[in-house]
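If you read the sequences in order, they're chains C and R.
Sequence positions in the first sequence follow the working numbering and run 1 to 163.
Sequence positions in the second sequence follow the working numbering and run 1001 to 1121.
Each hint should be verified, as a subset may be incorrect.
In silico SDA-like cross-links for lysine to any residue, where the CA-CA straight-line distance does not exceed 20 Å [what the hints assert, rightly or not]:
(1) R/K1117 - C/V97
(2) C/K159 - R/Q1103
(3) R/K1117 - R/I1100
(4) C/K159 - R/N1109
(5) R/K1117 - R/F1105
Just so you know, these hints were derived from the structure itself, not from any lab.
Listed here are the chains, written in short residue letters.
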Amino acid sequence: MTDIVFISVSLLTVGFAILALEARELVYGAVALSISFLGAAALFILLDSIFIAIFQVLVYVGSIAILIVFVIMLVRREKWISIKGGNERTLGIIAAVLLFSTMGYFSLSTSLTSQYPDPSALFNFTEIGSQLINEYSIILQLTGLALAVSIVGALTMAKFENR
Amino acid sequence: MLYLLSVPLLWLNLRIGDLLEPLINYFIVSLALLCVGVYGLIAKRNAIRLLFAVEIIINAAIINFVAFARYYDTPLITGQTFSLFAIALAATEAAVGLAIIVQAFRLNNDIDVLELKRLRG
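Only chain C is shown next, with the shape it has when bound in the complex (with noise of 0.2 Å):
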C-alpha cells in the first residue's frame, strides 16, 4: 500500500545519513549529508509543505553544508584521516538497534497506524507569516536575536589568537 516514491525517498534520505556518518573521505561525507537534506526535503513536499521545503534546501543544502566544506578545507587532511574508532562503534550500533527496535515496536500498536491524512485540506502559506508576525512575534524576535549573538560570537572565536 505504501507508495513507491515514498519509499524510495525515504530509503536515500536514511541510507545517505548512514553514508554521511560511514564516508571514509570527510568531503564525500559532506555531500552526502546534503544529500540526505535533499532527501528530506522531498519528504517535505510530499507531506504538502513547500514552503518548508524551499526553506530547507536554501538554509541546510545552501549554506549549512557549504560552511562544514569550508570547515574541512580549514581543518588539516591527515588529521582526519587518523581517527580511528574502537570499542565506541558496537555500542553504538546496540544502542541505535535497541532505540529502533523498542520504539518501533511499541509505536506499532498506537493508533499511528490508522492515522490518514484529510486530502482535501490544503495549507495556505500566507499562515505562516501572519502566524509569525501575529502569534509568535516574540519567538522571532528572540531568534533573530539567537542568530545575531552566535554570528558575533563565531566571529569573536575566529579573531581569537593563541597567546
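Use these hints to put chain R onto chain C, whose structure you have.
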C-alpha cells in the same frame, strides 16, 4: 512561483496533497534518522562527524513536526511555523559549533574529541 514548482511534480504523476500513507511511515523514517544520529554521536570521535550527527537528529525532529501537523484532524500550520524556528536555530548551532571546532583545531592541532583535554571541566 510555488505553482511553477509544482508543475514537474504533476508531470511525474506525483500529486501534492494526495498522500495515502499512514502517519506511522513518516514516524518510522524519522525514528530511523534519530537512530542513525545516536549511533554517530556514540561511535564517532571526529568533531565534524559529531556535528553531522546532531544535524541529522535535528532533521528528524523537523520531519516529525511537519508530519504530525499535517496529519492532525484539521491540519495545523503551526507545525510548519515551528519547523522554521527549528531550522533557523539549527543554522546558529552549526555556525557556533564549526567556529568552536576551528578554534579547537588551532589550539590543540587535533579534532579528535578524546584528545581535546583542555576542554575538560
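Structure-based check of all given hints:
1. With a C-alpha separation of about 31 Å, the suggested pairing of R/K1117 with C/V97 is violated against the 20 Å cut-off.
2. A distance of roughly 9 Å separates the Cα atoms of C/K159 and R/Q1103; the hinted pair therefore holds under the 20 Å criterion.
3. Proximity of R/K1117 to R/I1100 is assessed by CA-CA distance (about 14 Å); at most 20 Å being required, the pair is judged to hold.
4. Straight-line distance between C-alpha atoms of C/K159 and R/N1109 comes to about 17 Å, which keeps the hinted pair within the 20 Å bound.
5. At most 20 Å may separate the alpha-carbon atoms for a hinted pair to count; R/K1117 and R/F1105 meet this at roughly 12 Å.
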